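Trainee: Go by the hints and put chain B onto chain A.
There are 2 protein chains.
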Amino acid sequence: MSEHPTAALDDVVHQRHRLGILTIADEAGKVEFGYLKSTLGLTAGNLSRHIAVLEEAGLLVVEKGYEGKRPRTWVSITAAGRTALAEEMSALRALLDRHGKRG
Amino acid sequence: MSEHPTAALDDVVHQRHRLGILTIADEAGKVEFGYLKSTLGLTAGNLSRHIAVLEEAGLLVVEKGYEGKRPRTWVSITAAGRTALAEEMSALRALLDRHGKRG
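Order-wise, the sequence lines are chains A and B.
Residue 42 in the UniProt record's numbering is what sits at position 42 of the first sequence, and the numbering runs on without skipping anything.
Residue 60 in the UniProt record's numbering is what sits at position 60 of the second sequence, and the numbering runs on without skipping anything.
Treat each hint with caution, since some may be false.
A pair holds if it fits inside one copy or across any two, identical chains being indistinguishable in the list.
The calculated PhoX-like cross-link candidates involving lysine-lysine, where the alpha carbons are at most 25 Å apart (straight line), are [as the list claims (entries may be wrong)]:
hint: 1; residue 1: K69; residue 2: K37
hint: 2; residue 1: K30; residue 2: K101
hint: 3; residue 1: K37; residue 2: K101
hint: 4; residue 1: K30; residue 2: K64
hint: 5; residue 1: K101; residue 2: K69
hint: 6; residue 1: K37; residue 2: K64
hint: 7; residue 1: K30; residue 2: K69
hint: 8; residue 1: K64; residue 2: K101
If you are wondering where the hints come from, they were derived from the structure by calculation, not from laboratory data.
Here the structure is a predicted model, which is why all the values come from computation and not from measurement.
Chain A extracted, bound-state conformation (with noise of 0.2 Å):
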């Protein structure tokens, strides 16, 4: 395999929007659809999309339930999402290094 950092990188992780919601799921461990939406500026039907990818990949669960009267649907970060996010931030550090050193 490719020795530069950009190889290192998972497209299930790396693309911006996934990108997105695996680092606020990871700073806030537990985090609401609405509040995902809304700070990423997305489409609840964008955001669905890119949430059943990572689902799929098992690196977030998808909880529903309720707040009061209104359907809720909360997403948290898996033990497998954390790792997969530590090594693409490992990746992006080592192309930042990189870029930074060029003449």
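Mentor: Okay, now just chain B, sitting in the frame of chain A:
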């Protein structure tokens, strides 16, 4: 627009293979197709598609010529390409800083 660092990322630049092409072209100024292909571990078809997207966006210029009798293709980053890459890098740096600060 959302203030989350990932909202400032541009898919044309952020896609991992295109990010690899831009960072190498930024380091080298002008880089040969074969070198990009082997360094990034891409197929010729895949690399050509990503180069076309970057050229279309005005971030790269493509030059065709010969080395001796052998046809060669070179790729150079444009000023717009350097600016776009710098914006990507500062968004990634903000993301890493934020990720580093979480509890």
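Trainee: Quick check: which numbered hints come out false for this structure?
Mentor: The structure conflicts with hints 5, 8, although it agrees with all the remaining ones.
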